[in-house]
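J.: Listed below, chain by chain, are the residues.
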Amino acid sequence: MEARDHALIAATQTGLPLVADPYGAIADRLGQSRDAVIASLSRLLEQGAIRRIGIIPNHYALGITANGMSVWDVADGEVECLGQAFGALAFVSHCYRRPRHLPAWRYNLFAMVHGRSREEVAEKVTELAILGGGHVRDHAVLYSKRILKKTGLRLGA
Amino acid sequence: MIALSDIERHIINGLQGGFPLSGRPFADAAATLGLDEQTLIATLSALVAKGVISRFGPLWNPEEMGGAFCLAAMAVPPERFDAVAEMVNAHAEIAHNYERDHTHNMWFVASSLDSGRIAGVFAEIEAETGLTVWPMPKEREFFVGFRVEV
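Those protein sequence lines, which keep their order, are chains A and B. So for the first sequence, the numbering used here puts the first residue at 103; every next one is plus one. So for the second sequence, the numbering used here puts the first residue at 2; every next one is plus one.
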């Protein structure tokens, strides 16, 4: 990441200006050309520093209030393939391989599942279980009961 | 839950990514959606004002911005749960902490600009609580196609 990328983060963190030429407006604010702003955004998208550009929905306002952390015990050789398949589904918001801690914790694949109710989340987890088929040795869903702290991640800008 | 018009639905379903990098990106995106530039800009502004969308723009990946993050879990005896939550939350490095319904019932994320600090925070929490902190670092992130359908 470059120093001027931090200025770009600061300028776009709360969103793009909703005007006909938003990149030009950001460029004016930063004292750069519009082409330079577009080139930086394009590079940061390619690097993965920007995941995507578009609508960031407020899930709660849209009624998507239930989430379950589904955890899966998958053979080490299959976790890559299954992780790709789970992550590609529209209702999975995060999908990671994480270490087991045997014997206390056997699950090595995590997929966060969202829905309008716990029942909908459970149905979607069943879809994942069907997709996983014989590669899944065991799975569980950990529903969130309470937010104990949420300060948000601080950015390095 | 807020009621949505057909145009609002169409825009939310169609524009959760792929916003063009061009001189007139709203005009380009509107053309793809079968709308005009002014309608798209006005509808997005209204959706932001109503709180249906948090914002419109880049979704930054905090891990690419410097600093380290790590998820961890603890199995806290129910009778000590609130006291332990207080000890964990007292650390400034703890960004999120959730109660979940499992033997591993406390799940939190530590973040610090100094990547070496994460292990230190976990060690302090173990010393203060007498409980094991199970670090669950990301070993691999899979591509995520998450989008909301309304």
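It should be emphasised that the hints constitute simulated quantities derived from the structure, not laboratory data. Each residue gets a CB set at the ideal place from its N, CA and C atoms; glycine is no exception. You may find that some hints are simply not true.
What the hints assert, rightly or not - Sample of chain B residues with no beta-carbon within 10 Å of chain A, all distances over it, derived:
hint, residue
1, Ala28
2, Thr40
3, Glu150
As the list claims (entries may be wrong) - So, partial list: chain A residues that the calculated Cβ filter (under 8 Å) puts toward chain B:
hint, residue
4, Ala109
5, Ala112
6, Thr116
7, Arg153
8, Cys183
9, Ala190
10, Cys197
11, Leu204
12, Pro205
13, Arg208
14, Ile232
J.: Next step is simple, just say for each hint if it's right about the structure.
T.: Evaluated hints:
no. : hint   : verdict
1   : Ala28  : violated, 7 Å
2   : Thr40  : holds, 12 Å
3   : Glu150 : violated, 7 Å
4   : Ala109 : violated, 13 Å
5   : Ala112 : violated, 11 Å
6   : Thr116 : holds, 6 Å
7   : Arg153 : holds, 5 Å
8   : Cys183 : violated, 10 Å
9   : Ala190 : holds, 5 Å
10  : Cys197 : holds, 4 Å
11  : Leu204 : violated, 11 Å
12  : Pro205 : violated, 12 Å
13  : Arg208 : violated, 11 Å
14  : Ile232 : violated, 18 Å
Of the numbered hints listed earlier, those contradicted by the structure are 1, 3, 4, 5, 8, 11, 12, 13, 14.
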